[in-house]
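There are 4 protein chains.
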Amino acid sequence: MASPTATLLLSCPDQKGLVAKIANFVYSNGGNIIHADQHTDFLAGLFLVRIEWQLDGFNLPRDVIEPAFNAIAQPLNAKWQIHFSDTVPRIAVWVSRQDHCLFDLIWRQRAKEFNAEIPLIISNHENLSAIATQFDIAFRHIPITKETKPQQEAKQLKLLQQYNIDLVVLAKYMQVLSAEFVSQFPNIINIHHSFLPAFAGANPYQRAYERGVKIIGATAHYVTADLDEGPIIEQDVVQVSHRDDVNDLIRKGKDLERVVLARAVRSHLQNRVLVYGNRTVVIG
Amino acid sequence: MASPTATLLLSCPDQKGLVAKIANFVYSNGGNIIHADQHTDFLAGLFLVRIEWQLDGFNLPRDVIEPAFNAIAQPLNAKWQIHFSDTVPRIAVWVSRQDHCLFDLIWRQRAKEFNAEIPLIISNHENLSAIATQFDIAFRHIPITKETKPQQEAKQLKLLQQYNIDLVVLAKYMQVLSAEFVSQFPNIINIHHSFLPAFAGANPYQRAYERGVKIIGATAHYVTADLDEGPIIEQDVVQVSHRDDVNDLIRKGKDLERVVLARAVRSHLQNRVLVYGNRTVVIG
Amino acid sequence: MASPTATLLLSCPDQKGLVAKIANFVYSNGGNIIHADQHTDFLAGLFLVRIEWQLDGFNLPRDVIEPAFNAIAQPLNAKWQIHFSDTVPRIAVWVSRQDHCLFDLIWRQRAKEFNAEIPLIISNHENLSAIATQFDIAFRHIPITKETKPQQEAKQLKLLQQYNIDLVVLAKYMQVLSAEFVSQFPNIINIHHSFLPAFAGANPYQRAYERGVKIIGATAHYVTADLDEGPIIEQDVVQVSHRDDVNDLIRKGKDLERVVLARAVRSHLQNRVLVYGNRTVVIG
Amino acid sequence: MASPTATLLLSCPDQKGLVAKIANFVYSNGGNIIHADQHTDFLAGLFLVRIEWQLDGFNLPRDVIEPAFNAIAQPLNAKWQIHFSDTVPRIAVWVSRQDHCLFDLIWRQRAKEFNAEIPLIISNHENLSAIATQFDIAFRHIPITKETKPQQEAKQLKLLQQYNIDLVVLAKYMQVLSAEFVSQFPNIINIHHSFLPAFAGANPYQRAYERGVKIIGATAHYVTADLDEGPIIEQDVVQVSHRDDVNDLIRKGKDLERVVLARAVRSHLQNRVLVYGNRTVVIG
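Protein chains in written order, with the working numbering: chain A, 4 to 287; chain B, 4 to 287; chain C, 4 to 287; chain D, 4 to 287.
There's no promise every hint is true.
Pairs involving identical chains hold if they fit within one copy or between any two copies, as the list cannot separate such chains.
Claimed, not checked - Derived EDC-like pairs (lysine to aspartate or glutamate); straight-line CA-CA distance at most 16 Å:
| id | residue 1 | residue 2 |
| --- | --- | --- |
| 1 | K255 | D239 |
| 2 | K115 | D102 |
| 3 | K161 | E183 |
| 4 | K255 | E116 |
| 5 | K115 | D251 |
Because the hints were derived from the structure by calculation, they are not lab data.
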């Protein structure tokens, strides 16, 4: 749609009238709802909703929308956020030596599959700097050792602020982030090269080969303090056979990794992911 | 859920306030919405919604719900229906010689995957009557020839009325229904053994083999006057290779057919399918 | 094919001339090879081959084939077996309370998808005995407790001998077999309701739900002394979403379980599975 | 493997002793077979085989291998070819306006997924020339109109000779090649954006949307005089829903197209594809 939209993501304890209250807020202010998706987790007693409406003809000026909605949200004990489709998020892509996910993300951003900018690439190695140059993206080489990690993470945080980064995408960044870093910058998506929780940790393809599995997978998830334990956004798999050695698994896995990561990033950028506890609701 | 629910399926020309109006109807009468799914087809300018709410604590008596809602629906030019989860639909399964889909449907009904009864099996052959006996289901043998078709279809219609059938499932029924029959009993789901529109018509597996495809599929769709042209509810595929001859395609296809048909029937029984023109909205 | 065939499964240390030697054995005795599949595991330095040839026109009488081939196999240090397509394997299906895999296996055997007989069902519960009666299969109820396990497993072994069972299929048999039992009857295929190694052990669906995975799977494997660690024959997966609660996972899983188990049993019955170490070569 | 290999692709009327004869040829000359895959099409009475052996220790000099094998092949009425793994095929990628397949093919070639060179890009539009420059590949702009087609195809043929091209990959080249061109340069792989035979011809995504399918696909096939009728090498699909408009189908399709095309090109480059009639045998 040409018209800019507002998207509300909200979760709160389940109770009667939630859909009505929220829909009324939009309608009574002249908004036209174009998407409304609700989910109720009955075990958790939690109501989750995503509502997107057109801003053309919406009577509230933007700076008033949040305070106005807050009056409704507060009594509901709701966690919520509102995004506007014409504010373009800024992504920092973090990589190590492998280029397939980086290439893919850049291509998709250029192809307008992502409504986002990619102003910054951070790597603990130098070998991908040429790609950054090629596509005119800032590249920062920040090597990490056990000793230097704290100050290097401080550098990284500073860069994220400096470049006004909204989302960090770990595109085969082979370093673990400290719990402290994650607590200070929580918006991080990682691609793990296995169908978690299988083969969590290092060398999943090697271990998949040794186990003799007939399927390998990839998992995109938000990064939390617990390595490979974050909320899963997207997973997919591909069949393998006895004909595939470890290198074949790695090659086949690359195709999975870039597609799974791209789908997760796209869902996040379209504000279609709600997180609660260790779970996600991904609006299809 | 223990509590019975009401499910509204509605489609109407898109306009502002639709979600609010419908949600208010439920809320103002004390209903608790447990599922609300909306889709807008911007090309068609059509709004489609499925709303399910708990009847416990809902103030309107059942016989008043429809007239009460009609007052809201009429000005919207809406097509709509309301279903109650505790009225159990009755299915007639139509078969010819193959038993795999029939067995599967009966097993799922017995396993409570379907909230439905299967009181009647109709076949143009006699060989599956033993299964009907085994599971204590009425079996009617109605052979069809070009000449006898009209009066036989009349017989079939009579049976559907007699058994209060809500849904006919063509579980590998290898006969074409007349346009007239379909107009008189529109609630019919068919399983076609190809990923339509490929290999529409007869012998899809033979033709798939001859074409040398690497994937075969199955399609569950509502039956319309145009053979194999009805709204598609569900499709799935499986990979095949040069090692598979026609019999292998048929065998692999059977696993697809029963799963695809079962998913479609289940979606229909849960009132998760909205049809408009030749398209379906299937609430995931 | 109408003509009966012989199938050789062989594995030995890799060396030159293996294909030639084996093919010559068949050819020089007038056999017509209809399938020849070879795999070399270069890491293990192992050569594995499956060769199937027609027995019509083959000059060696059956009782001479094995000794004759032994003269070739011995110098190669080969592990090997020869199967004849017209000797029909006998399967014992072991179940607990769930019937979906049992029903499916019986249906496939009746539908001639399996070249096998199913003369025996063993269960630690009684509730499925009616199915056995329905299909005229012997049913033995052998309850298991920690205390009675040894003598009950002795009973089970005795039954397998008594019924000349070639293959045991654990079709949702929710008991662990002792290492001793497995060592005495190694031909056992189990279906595990997760994409192993994820969620090995108990309640995989519950744990899959808690982890918030977007894909669930099923795994068919040979049973070894290490629970859930046996060689994997077949795996498949299905997508799930936040809309699916544990019961949905269980329901979707059942469709996976029966298909994955059936594929594995069929591959085994067609002598298309070679095992070495903890790995399988499954000839597609 | 470090050691270069020879790969024989052969098809001939089925008869006894074929495997033995071919294996003996390799063995008697000191070759070590590392892959041997056979398929018999019983309907066609055709035997097809792929045999790969190491050239280290093989006694025949390369220029003698073909004449030597010809002595065996001729009496068998065999069609055959022998490829050496260290002769690197040269690919010309043909494109129109879309870049996703081109980017992908180049990335895979650079990533060594393809054992091939890409010295030439031909396009009927100019907009992708920058990519050619970026990766230092010759780019030739050859616009096509109905009138100019014959002389332009002559130009294209000349370029293929000039650059010693072994394989043409139509990576979303939106022009039809004349039967004459195909007869003069038969080694052409095309990616079609539908699961053929569904939606053969133009605008498959638009037509898929209009039909309301729940699955879309892509097909890689060899190009023949009959448009979209050539032997299928590879197909894959992805699920779509009512939420996906035509642009979503196009976007999802791009991910399919590049993966399906890449798999087909890789199989071809590894000499794992045998063609007969309108069918392919793709060695897994």
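Quick rundown of the hints versus the structure:
no.: 1; hint: K255 to D239; in the structure: both (12 Å within a copy, 14 Å between copies)
no.: 2; hint: K115 to D102; in the structure: between (20 Å within a copy, 13 Å between copies)
no.: 3; hint: K161 to E183; in the structure: within (14 Å within a copy, 62 Å between copies)
no.: 4; hint: K255 to E116; in the structure: between (23 Å within a copy, 10 Å between copies)
no.: 5; hint: K115 to D251; in the structure: between (31 Å within a copy, 12 Å between copies)
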